[in-house]
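Colleague: Throw the hints in and build the complete structure from the sequences for me.
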Amino acid sequence: MESGNEKNIKDAGELINKTRQEMGKRIVGQSSLVDGLLMGIIAGGHVLVEGVPGLAKTLAVKALADVTSAMFKRIQFTPDLLPADLTGTMIYRQQTGEFVPRKGPVFSNIVLADEINRAPAKVQSALLEAMAEGQVTIGEQTYPLPDPFFVMATQNPIEQEGTYRLPEAQLDRFLLKAKVDYPSPAEELVVLERMVDNPEIPLLRVLDRERVRQLKNATETVKAEEGIRRYIVSLVAASRVKDRRKLPFTRYIEYGASPRATLAIYRCARVQALFDGRSFVLPEDVKAVVPMALRHRLVLSYEAEAEQMDSDAVISSLLAAVSVP
Amino acid sequence: MKSFVFLILALTISGALSAQAVLNDIRFVPPTFFVGDSVELRITFSYKGPLAVAPPDSIPESDWVDIRDVSLIQDDETVTVVIAFTPFAPGTRTLPPMKLGALQLRDIKVATHSILENSHEGVRSLRGQLLLPGTRLAVALILSLAAMAPFLGYGLFRFSWKWIKKSRQLYRVGRPVRRLRRVMKKLKAGIGSIQASLWYYELTEALRAYLSDRLNHDCRSATTAEIALMPEFLIDNTPQKDLLEVLKEGDMVKFAGRFADDRSLNKILEMVNAAVGNWERADAQL
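Taken in order, these protein sequences are the chains called A and B. One point on numbering: in our numbering, the residue at position 260 of the first sequence is 260, and numbering is uninterrupted. One point on numbering: in our numbering, the residue at position 43 of the second sequence is 43, and numbering is uninterrupted.
Hints were generated in silico from the structure; no laboratory data involved. Fair warning: this is a prediction, and the values are worked out from it, not measured in the lab. Accuracy of the hints is not assured; some may be wrong.
[Stated by the list, open to error] Beta-carbon label-pair distances, calculated as ranges:
1. K18(A) / R263(B): 53 to 61 Å
2. K223(A) / D236(B): 30 to 38 Å
3. P248(A) / F159(B): 37 to 45 Å
4. T238(B) / A237(A): 36 to 44 Å
In this text, a Cβ means the ideal position worked out from N, Cα and C, and glycines have one as well.
Modeller: In structure tokens, the structure reads:
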């Protein structure tokens, strides 16, 4: 006989699959991006997406907003954007003769910060502060952000001229970083057939605020045994080892991951288990989420750059160096 | 070789006592000798009454023989004359007469052999000369050994190195299974006293180490799902498949909190033991 917890997990798994299917109507392939977005919204974190233009990054977020019946705002980051354009400002109302707050686009459930690295640091900071605190201060008043509050920021790995690279401390605020790659020819053919005739495919609203909360609650019930927790800590600790003889790959790492990374892996691994309809975390769940959770948190060394090693290659070495429980 | 000695001895015993001495024995040592050999001639007489014999005053000389010594061995009844000589001419010749007190030796014939006589088949082939004249066998052997020592040493080193290498290989091949069996022995003793999840942590760690060594894949950092995708684990009814089942069961106990009683742990150990045994035997037959 099924226990209550197992039923919740099963229901959550089914709901996630249904959401995937709905999003799949618009997004062909890009399963890691779709899973990353869902993981972010369920784990209560924010997602940074990196990919060249035209890979359905914006479309994916819009699709997510459409299936969640949530308030969605898209902010195009530009060099002349100001923090107040994002968070809001106090405006003078002539009729009453007083200053009233005018909330910015950040007051939404789902915010797409498009090309976040094109805005200057003060704008990035304003958004990242909202992401970290879950509240925004306008004038002397602090306003809580709506629940759920989910930010997906995109950045383009090419065209680096005139951009403002996100500082490492701010990158750390993103729960995970998804990389979007080109679709396969077969997937691209499906995109062609689907989008040419019917670019706006209607989606069912399978997620609402209550269901998102249900998913979050179900995630909370997913067990991660001590062995799993130790494994996560070992992985993050290995990224900070300075002894090159012990772990040769560490020469590619200037700064390892922070304890925030440990928490991120833990949260994401539980959601990953939920994706598979399991009430417990396995080492494969941890391994599946480590690249997404660590790739923006590792500061690579000059040697890595010289040898054209990217963070994913370093993370592969890291995963190969730590024994699974 | 046909050899015989012709000896015609005419003895004239002079004086009044001559009739009392009787010739008993004449012996050449060696019986057959060749030109240049050292020979000893022993002539033994018996006598009655007093017999005054003495070594010659001077050793007679001859152009065909070199008489080196003449000595007497006398007791109450017999006297032996010992003549040491070296002949230098083949054929039968007469020793020069010599006076030994009351005795006088004359016409003593000595037959000296020659390697050219008898067969008349020409010069014989030389006998194998092992050593240079005057060389001692021991010195030759020591020198030969010294000359061969580096080669012998090298050969011995090669043989020893091969043997050590083979032994090391055998030791290494057997090391993973020995290590796993050690852990299994410890775990068998620990059934009932160790918590099932901790028991499985230890077993799966040892199993992963064993698989890593046997397959040359890194199974220590591979999850069960990743191991299941390795080619060796894709075929059914193999020891590898059984070990994979153990890993899966271990994951369930370790991470999902599945209950495992002592009986099931014993069964798992038997399963691992059988699978590993089958695997090792199958590999040994290859």
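Colleague: Does 53 to 61 Å hold as the CB distance between K18(A) and R263(B), or does it fail?
Modeller: violated (42 Å)
Colleague: Is the gap between the beta carbons of K223(A) and D236(B) within 30 to 38 Å?
Modeller: Between K223(A) and D236(B), where Cβ atoms are some 32 Å apart, the hint holds.
Colleague: Holds or violated: 37 to 45 Å for the Cβ distance of P248(A) and F159(B)?
Modeller: holds (39 Å)
Colleague: Check the following: the C-beta atoms of T238(B) and A237(A) are separated by a distance inside 36 to 44 Å.
Modeller: holds (37 Å)
Hint 1 from the earlier list is the only one contradicted by this structure; the remaining hints agree with it.
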